[in-house]
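Undergrad: Sequences are here, hints too, so could you generate the full structure?
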Amino acid sequence: MSDQQIVHTELKRCDLFKLAGRFDSSKAHEVESALWTAINANRYRFVLDMTAVEYISSGFLRVLVATQKEAKRFNRGDIYLAAPAQRIQDVLKLAGLDAMFKTFDTPEEAVGAW
Amino acid sequence: MTRVNLRDVALFATLSNDALREIEATMPVTRWPAGTVLFRENEPGDSMCVVLSGTIEVVKAMGTAEEWRVRRMQAGSFVGELALLEPGGLRSAAVRAVTDVEIAALQRAGFDALLERQPRVAVELVETLSRRLRETNDATIRDLRAKNRELEMAYRSLQDAQAQIIEKERLERELQLAHNVQQSMLPRAVPVVPGYDFGAMMIPAQAVGGDFYDFIELDGGQLGIVVADVSDKGMSAALFMALSRSLIRAEASRGIPPVEALRRVNFHLLNMNEAGMFVTVLYGILHPANGEFHYARAGHELPLVCDGDGRLIDVPISRGQPLGVLTDPDVDEQHIHVPPGGRLVLNTDGVTDAINRQQKPFGVERLRDLVTSFAVLPRISTQTNCLAMFDTVTAYCEGTPQFDDFTLVIVESTAQGNLPQPVT
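Residue numbers (this note's numbering), protein chains in the order written: chain U, 8 to 121; chain P, 2 to 425.
Hints are not guaranteed to be accurate.
Stated by the list, open to error - Distance condition first, Cα-Cα at most 25 Å in a straight line; then the derived PhoX-like pairs of lysine-lysine:
{"no.": "1", "chain 1": "U", "residue 1": "K34", "chain 2": "P", "residue 2": "K61"}
{"no.": "2", "chain 1": "P", "residue 1": "K361", "chain 2": "U", "residue 2": "K25"}
{"no.": "3", "chain 1": "U", "residue 1": "K79", "chain 2": "U", "residue 2": "K25"}
{"no.": "4", "chain 1": "P", "residue 1": "K361", "chain 2": "U", "residue 2": "K100"}
{"no.": "5", "chain 1": "U", "residue 1": "K25", "chain 2": "U", "residue 2": "K109"}
{"no.": "6", "chain 1": "U", "residue 1": "K34", "chain 2": "U", "residue 2": "K79"}
{"no.": "7", "chain 1": "P", "residue 1": "K148", "chain 2": "P", "residue 2": "K61"}
{"no.": "8", "chain 1": "U", "residue 1": "K109", "chain 2": "U", "residue 2": "K34"}
{"no.": "9", "chain 1": "P", "residue 1": "K361", "chain 2": "U", "residue 2": "K34"}
{"no.": "10", "chain 1": "U", "residue 1": "K19", "chain 2": "U", "residue 2": "K79"}
{"no.": "11", "chain 1": "U", "residue 1": "K25", "chain 2": "U", "residue 2": "K76"}
{"no.": "12", "chain 1": "U", "residue 1": "K79", "chain 2": "U", "residue 2": "K100"}
Claimed, not checked - Pairwise CB distance ranges (calculated):
{"no.": "13", "chain 1": "U", "residue 1": "V14", "chain 2": "P", "residue 2": "T141", "range": "55 to 63 Å"}
{"no.": "14", "chain 1": "U", "residue 1": "N49", "chain 2": "P", "residue 2": "A396", "range": "46 to 54 Å"}
{"no.": "15", "chain 1": "P", "residue 1": "E175", "chain 2": "U", "residue 2": "A106", "range": "52 to 60 Å"}
{"no.": "16", "chain 1": "P", "residue 1": "A251", "chain 2": "U", "residue 2": "A48", "range": "39 to 47 Å"}
{"no.": "17", "chain 1": "U", "residue 1": "A48", "chain 2": "P", "residue 2": "R250", "range": "37 to 45 Å"}
Stated by the list, open to error - Here are some of the chain P residues that sit facing chain U, going by a computed Cβ distance under 10 Å:
{"no.": "18", "residue": "Y156"}
{"no.": "19", "residue": "Q322"}
{"no.": "20", "residue": "N357"}
Please keep in mind that the hints were generated in silico from the structure rather than gathered at the bench.
C-beta: ideal position from N, C-alpha, C; glycine also.
TA: As structure tokens, then:
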């Protein structure tokens, strides 16, 4: 597993977070603080590249939901998901959260959508 | 390397050439490699040394943890005179060659004769001794101060460490209390319903968790069954769990349909949820008379149902979303049937997400197989069945620490299906 599970890149129109590995409760908190660092810098348009994500916990779902709520306030942004594996999509679907997040096949498409 | 003559040595500066030649003749010159110990502390001394070339060092308590280098001395200096000033005098410190050295040694007899004949040498000696005494005093005080500071720092970090231990123990006590409080929120015993046997357990990954289950007795002999999982873990999840559990119990006790109960709970949660916490819930009402289980599923794991032979029965599914985040969540409402002799298994994702050393999750498939396998084994109590399933998952994990709360509720129909019921 890579040491760097969260790689943040500030792009012109949005912020890209490349995630890798397993996101249990404590790792989900790291994603949360990474996203909140961006929000505190008045950046609200996010793309999460989920290509290499193997597992997400309910804690990760909470981070998605809570951060999206903050990002979408005043129509200023949102969280787009890019290339989640089938089992990640299944988790989102079982939790009924699949419809809440725009999902794209590739990070390029997700970034391009901003 | 600079080499000095005896003439350059301050101690002999006042001697006439004749006198110096006379004394030089009594001082054999020897060479020693770096690292040689020229003399040791507390051994009798019968000569003093003049360093002609190289560097030596004077060391107290050599070779011990308290080893202290008193001073370094270059060519032109002399050492070892103290032992010669008193009969039978002992070395007050060790002397070691730092580099290769050349030493001229003056024996006790020569030293005594020199002092007698050349009072200026004695004066020079006293001046040197007095200077060294002062330097050593200063160094000792500096050293003592440094040691004092070290001690003070050590004392402070010890105090800090002790405060941390006390704080840690306090937190652990609080967590243990919180754990006890949370466990006491779970049903003390499984319900007793004729024709059914129940098993239930919740093992938090940390002292407190976000999972819970509940059994609620409803009118008409019906039984409300709840399994829920608060997003995240730890204290925040435990507080949200307590809130959710009370709300669900209050709404369910009104005897309203499961979907309506969960929608009301959602409404309450929305008004007190700044942290974005949410809870996935499966709440259903069991009708013991006919085995019907009418449930509402809000983003929670699907129930598993099997018949008396362990054959799994597919459950219908529609979208169900967690409570606490959306104003109007979709709730998956279904009516299913627990056949006579069959089982209903409700779980949280802590069961299926448990991982082994290869980080491979236990998974839904293994859980399904496990449910089937227990159905065909000789009958054990449903609570024992529950514990055995936990043991199976634990064994699968091969010692990988449990990272998510583990909740399992099993409802087993003990009716014999088509077989005649014993008359009681």
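Undergrad: Next step is simple, just say for each hint if it's right about the structure.
TA: Hint check:
A threshold of 25 Å between alpha carbons decides the hint, and for K34 (chain U) with K61 (chain P) the separation of about 55 Å lies outside it, so the pair is violated. Only pairs whose Cα atoms come within 25 Å are accepted, and K361 (chain P) paired with K25 (chain U) is accepted, the gap being roughly 22 Å. Of the supplied pair hints, the one linking K79 (chain U) and K25 (chain U) holds, its CA atoms being roughly 21 Å apart against a limit of 25 Å. For a cut-off of 25 Å, the pair hint linking K361 (chain P) to K100 (chain U) stands: about 21 Å separates their Cα positions.
In summary, the hint linking K25 (chain U) to K109 (chain U) is supported, as the alpha carbons are separated by about 17 Å, within the 25 Å threshold. Taken as a hint, the K34 (chain U) and K79 (chain U) pair is honoured in the structure, with Cα atoms around 23 Å apart against an allowance of 25 Å. Taking the CA atoms of K148 (chain P) and K61 (chain P), the gap is near 16 Å; set against the 25 Å cutoff, the hint holds. For the given pair, K109 (chain U) sits about 23 Å from K34 (chain U) by alpha-carbon distance, which is consistent with the 25 Å threshold.
A hinted pair counts as satisfied when its Cα atoms are at most 25 Å apart, and K361 (chain P) with K34 (chain U) qualifies at roughly 18 Å. For the proposed pair K19 (chain U) and K79 (chain U), the alpha carbon gap of about 19 Å is at most 25 Å, so the pair holds. In summary, the hint linking K25 (chain U) to K76 (chain U) is supported, as the alpha carbons are separated by about 21 Å, within the 25 Å threshold. Note on K79 (chain U) and K100 (chain U): the hinted pairing holds, with a Cα-Cα distance of about 21 Å set against a maximum of 25 Å.
Range check, V14 (chain U) to T141 (chain P): about 57 Å between beta-carbon atoms, so the 55 to 63 Å window is met. At about 51 Å, the beta-carbon gap between N49 (chain U) and A396 (chain P) stays in the expected band of 46 to 54 Å. Between E175 (chain P) and A106 (chain U), the C-beta spacing of about 40 Å breaks the proposed range 52 to 60 Å. Judged by the Cβ atoms, the range 39 to 47 Å given for A251 (chain P) and A48 (chain U) holds: they are separated by roughly 42 Å.
Separation of A48 (chain U) from R250 (chain P) is about 43 Å and conforms to the stated range, judged on CB atoms against 37 to 45 Å. The restraint placing Y156 (chain P) at the interface with chain U is violated, with a minimum CB-CB distance near 35 Å, outside the 10 Å limit. Taking 10 Å as the C-beta contact cut-off toward chain U, the hint placing Q322 (chain P) at the interface holds, the least distance being around 3 Å. With a cut of 10 Å, the hint placing N357 (chain P) at the interface with chain U is violated, because the nearest CB-to-CB distance is about 13 Å.
Hints 1, 15, 18, 20 from the earlier list are contradicted by this structure; the remaining hints agree with it.
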